[in-house]
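Participant: Spelled out, the chains give:
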Amino acid sequence: MKLRKFVNWIIGAPSFVWLVVFYAIPMLLVFLIAFKPVDPFGGIGKGFTMKTWFDLGNPSYPSIIWRTLWQGVVSTAVCVALSVPISYQLSRMNSKLKNVFLLLIIVPFWTNFLIRIYAWKMFLHPDGAFKHLLVFIGLAQESTTLLYNQWAVLVVMIYTYLPFAVLPIYTAAEKFDFSLLDAAKDLGASSFYAFRRVFLPSISKGIGTAIMVVLIPALGAYLIPDLVGGPTSELIGDKIAQRVFVDRNLPHASALSALLMFVVFLPLVLTSWIKKIQQKKQKSE
Amino acid sequence: MKHTLVSCAFALIAVVCLVSCGKPKQTLHIYNWGDYLADSVVEKFEKEFNCEVKIDVFDSNEAMYAKLKAGAGGYDIIVPSSYMAKTMYEQGMLADIDMSLLPNVSGNFDKSYENLVIDKEMKYTVPYFVSFTGIGYDPEKVKNFEPSWRMFEKPEIAKRCSLLNDQRETIGAALLTLGYDVNSTDQKQIDEAVALVNVWKKNIAKFEVDDAKRALATGEFYLIHNYSGDMIQVSMEKPAIKFIIPKEGGTVTFDCFAITSSSQNSKLAHDFINFMYRPDISAENMDEIGYVSPNTAAVALVSDEMKNNPVFNLPAEERAKCKPLLDLGADNEKYTKAWDKIREE
Amino acid sequence: MKVIRHSRIPFIVTLLTLVFLYTPLVLVAIASFNASKYGGSWAGFSMKWYIKLFHEPDIWNALVKTLVIAVISTAISTVLGTLSALALHRSTSKLKAIYYALVHTPLVVPDILQGISLLLLFVTIFSVCSPLLAPLGIKMELGLTTIIIAHITFCMSYVTMVVLERLHEFDNSLIEAAQDLGASGLYTFFRVTLPLILPGIIAGALFAFMLSFDDFVITFFVKGAGDTTLPVYIQSAIRHGKNTAVLNALSVVFLILTFIIVFSGQKLLTMKTEEHK
Numbered sequence: 091m092k093l094r095k096f097v098n099w100i101i102g103a104p105s106f107v108w109l110v111v112f113y114a115i116p117m118l119l120v121f122l123i124a125f126k127p128v129d130p131f132g133g134i135g136k137g138f139t140m141k142t143w144f145d146l147g148n149p150s151y152p153s154i155i156w157r158t159l160w161q162g163v164v165s166t167a168v169c170v171a172l173s174v175p176i177s178y179q180l181s182r183m184n185s186k187l188k189n190v191f192l193l194l195i196i197v198p199f200w201t202n203f204l205i206r207i208y209a210w211k212m213f214l215h216p217d218g219a220f221k222h223l224l225v226f227i228g229l230a231q232e233s234t235t236l237l238y239n240q241w242a243v244l245v246v247m248i249y250t251y252l253p254f255a256v257l258p259i260y261t262a263a264e265k266f267d268f269s270l271l272d273a274a275k276d277l278g279a280s281s282f283y284a285f286r287r288v289f290l291p292s293i294s295k296g297i298g299t300a301i302m303v304v305l306i307p308a309l310g311a312y313l314i315p316d317l318v319g320g321p322t323s324e325l326i327g328d329k330i331a332q333r334v335f336v337d338r339n340l341p342h343a344s345a346l347s348a349l350l351m352f353v354v355f356l357p358l359v360l361t362s363w364i365k366k367i368q369q370k371k372q373k374s375e
Numbered sequence: 004m005k006h007t008l009v010s011c012a013f014a015l016i017a018v019v020c021l022v023s024c025g026k027p028k029q030t031l032h033i034y035n036w037g038d039y040l041a042d043s044v045v046e047k048f049e050k051e052f053n054c055e056v057k058i059d060v061f062d063s064n065e066a067m068y069a070k071l072k073a074g075a076g077g078y079d080i081i082v083p084s085s086y087m088a089k090t091m092y093e094q095g096m097l098a099d100i101d102m103s104l105l106p107n108v109s110g111n112f113d114k115s116y117e118n119l120v121i122d123k124e125m126k127y128t129v130p131y132f133v134s135f136t137g138i139g140y141d142p143e144k145v146k147n148f149e150p151s152w153r154m155f156e157k158p159e160i161a162k163r164c165s166l167l168n169d170q171r172e173t174i175g176a177a178l179l180t181l182g183y184d185v186n187s188t189d190q191k192q193i194d195e196a197v198a199l200v201n202v203w204k205k206n207i208a209k210f211e212v213d214d215a216k217r218a219l220a221t222g223e224f225y226l227i228h229n230y231s232g233d234m235i236q237v238s239m240e241k242p243a244i245k246f247i248i249p250k251e252g253g254t255v256t257f258d259c260f261a262i263t264s265s266s267q268n269s270k271l272a273h274d275f276i277n278f279m280y281r282p283d284i285s286a287e288n289m290d291e292i293g294y295v296s297p298n299t300a301a302v303a304l305v306s307d308e309m310k311n312n313p314v315f316n317l318p319a320e321e322r323a324k325c326k327p328l329l330d331l332g333a334d335n336e337k338y339t340k341a342w343d344k345i346r347e348e
Numbered sequence: 012m013k014v015i016r017h018s019r020i021p022f023i024v025t026l027l028t029l030v031f032l033y034t035p036l037v038l039v040a041i042a043s044f045n046a047s048k049y050g051g052s053w054a055g056f057s058m059k060w061y062i063k064l065f066h067e068p069d070i071w072n073a074l075v076k077t078l079v080i081a082v083i084s085t086a087i088s089t090v091l092g093t094l095s096a097l098a099l100h101r102s103t104s105k106l107k108a109i110y111y112a113l114v115h116t117p118l119v120v121p122d123i124l125q126g127i128s129l130l131l132l133f134v135t136i137f138s139v140c141s142p143l144l145a146p147l148g149i150k151m152e153l154g155l156t157t158i159i160i161a162h163i164t165f166c167m168s169y170v171t172m173v174v175l176e177r178l179h180e181f182d183n184s185l186i187e188a189a190q191d192l193g194a195s196g197l198y199t200f201f202r203v204t205l206p207l208i209l210p211g212i213i214a215g216a217l218f219a220f221m222l223s224f225d226d227f228v229i230t231f232f233v234k235g236a237g238d239t240t241l242p243v244y245i246q247s248a249i250r251h252g253k254n255t256a257v258l259n260a261l262s263v264v265f266l267i268l269t270f271i272i273v274f275s276g277q278k279l280l281t282m283k284t285e286e287h288k
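Residue numbers (the numbering used here), protein chains in the order written: chain A, 91 to 375; chain B, 4 to 348; chain C, 12 to 288.
Extracted from the complex, chain A is given alone in its bound form (with noise of 0.2 Å):
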């Protein structure tokens, strides 16, 4: 066994290398670095200053902050909802159509997520095909402006996010077993109360995968605000990105990141101390 415990070792200790050096370090290197001050000419100062954090309390920063949590919050509750139905769908068609439709959801998933922004920056043109059967409807006047907005961005964040939520809800519901669904509605259940209360809580691991890998990203979220956002519709990625390569500040870019961080490990710590809390409680049961 020792011997197995060597090779471990071994085989091991690459990865973790690597991992180390390049993944745990340039993140323990961001909190650091936000507390070095900046020289004016981009680079990175000498000595220790907490004044970068005291910047972070500047007014116009919670409404950056408020901003990207609810854009955050509202694309991944709109792509958990539609994807619920869509798993739904998916796991009780044929296989044959199921394969199909599958293929159409993934093909998005794996096209150049540029080129899907892209699309709906050509979508969304002022002269387009749509805004002309919009104006044609009565739905927007010729005034109106589709694009570089709030809510283009957030329209953009469903779309390019959508089927990352598809798929784990999909693979929780396809291990559900459908017959349960018929034999409460057998019993008296309505369709509803029998989806709700029998279907829901068989796939809520798959749920809770999915709201982590939009929420995480939609956090994080630069190019789509960059690219079909206005002037007042900037996130905290931006606001990221602006700091490195236009105003050259690496410190106040690193105690963005950091929050940034903060903000999305926060859930995930959360999460994994209730499950550590819950395995605890059943186990003393």
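Keep in mind that a hint or two might mislead.
[What the hints assert, rightly or not] Where chain B lies over chain C, by a calculated footprint (3+ residues, C-beta under 8 Å): (1) 152-165; (2) 232-245; (3) 248-257.
[What the hints assert, rightly or not] Under 7 Å between C-beta atoms, here's a sample of chain B residues computed to sit facing chain A: (4) A69; (5) Q94; (6) K162; (7) F210.
Derived from the structure by calculation, the hints contain no laboratory data.
Idealized CB from N, CA, C, for every residue including glycine.
Fit chains B and C to the supplied structure of chain A, relying on the hints for placement.
Facilitator: Just chains B and C now, kept in the frame of chain A:
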């Protein structure tokens, strides 16, 4: 199945190697503004000097500076505006120019532009293009046009117009509108300018440079804050497009060739700058790009069509309305902070 | 027995979602045949943007660069990822939890955070090492190497996860049986474990390849001069409104290629599961 996959992988690697290897040519890396160098000219240079030219594009002086500061070495030639070049030179980011390698420059440079250039002795920069900043618009779409920066407040063009995403240019436009100096370092004046830009910001679609040109040409935007030569390029696509200098004044900047201190191809870089000053080449470039080069012999060779274009050949009284952007040294930070305030609100 | 009616709502939602997913893409496909350069209005059917696409050296150069990066980072991340999956699977050590977190969290961290953290790492390393290496004539700067390091880092975790899943699926008793029969560790690995997890490794490698091929954000943070990968080219074209007509054609080519890859991948997977049955 396994075999097909493996052989596919090998074939792919082989193709990649074949394409990427076997090219011992010298490469010149240029970091430039978008649409600022004619493709045909670059091709000629590549042929004549048996080398490869690679061009990356930036939006603003600040973005270019940030990228270089981030350790993006490897660029040989960059094209900063005069005021930014000075900062970069003081930072040791630019190499000295060897004028003995640039006979075309010393022979053809038009001295009448000298007062606009910060580095008059051409120690670290060689002037490339002079560019004026003003308003480009579509007269068919914008009724009641007035030659004023105040246009950005008009609700008729709400969300159909854009300002430059360049801190000095956009805050500068507001300073001019308020009747202040475009290089003002007075915090109170800058604050007022910020307040004005914030009013405009509510009305515009985006802070944008290059994509605004496409948007103007496709009718997505009606009125944009942009540079003279770029507006000539748009009017080549859509002749109705007009460009004016607002009555409150505009800005004028010299964009210059500079060689980075990290350049490995200093000789080739000098060759390129010298090549760009060859009258026939410079004229061809001007015809394509629509900006004026300070090159006496070349301007004479520019096509009549371009010469007669009032945006290319800006009349003296329009020219007089444009103020040069200067290097502000430590006061530059005031603009960075002000720009932050604008972006954040 | 009473007839159970299924609600039509899920089906309708699914159909509408597909419409939502495909309408913008279809519009781009239509625009790619529009002769007009800026695509404002219909100027007649034309294939010229496709022809132009194949004669655009910048796109081909970018494609080659993207492939080089993707192939190298896929190869390295597949090896590292598979090894770490094996180690994680076999390990009983206390470090396992930390190791697992180290592998798992990169999957959920937003790409912009990975981008900036790696940039900070490289900047710090350069600022420390450059003065030491300068006399030797070695220059450290952002470039292909830093891009490949970044890609390996974010691809590796995906490979590990996919392979790990595969390892959990099959019966450990097979390996134990082989070992009971006196097979050496290496022999068991190459003759039993490896063939069993190979589909997982291939799937992981494919995944890594696609991720590397598609990445823009992280690449943008750590790239140097002239490192124009295909996504960087596309972003620049969108950002600067240049060549949008060619971009339409490129999108369609991408879409078709993706379709073929996903379709054959699906076929491959169903074949595999049927074999197992």
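Participant: Indicate, hint by hint, whether the structure satisfies it.
Facilitator: Against the structure, the hints:
1. A stretch counts as covered by a chain when three or more of its residues have a beta carbon under 8 Å from one of that chain; for the stretch 152-165 of chain C and chain B the count is 3, and the coverage holds.
2. Check on the stretch 232-245 of chain C: 5 of its residues sit with their Cβ under 8 Å from a Cβ of chain B, so the three-residue criterion for coverage holds.
3. Coverage of a stretch by a chain is defined here by at least three residues with a beta carbon nearer than 8 Å to that chain's beta carbons; for the stretch 248-257 of chain C and chain B the count is 6, and the condition holds.
4. Interface restraint check for A69 (chain B): the shortest CB-CB distance to chain A comes to about 4 Å, inside 7 Å, so the restraint holds.
5. This hint holds: Q94 (chain B) has a C-beta 6 Å from the nearest C-beta of chain A, less than the 7 Å allowed.
6. Below 7 Å, beta-carbon pairs count as interface contacts, and K162 (chain B) has one with chain A at about 4 Å; its hint therefore holds.
7. Nearest Cβ of chain A to the Cβ of F210 (chain B): about 6 Å, under the 7 Å cut. The hint holds.
Every hint, counting from the list given before, is met by this structure.
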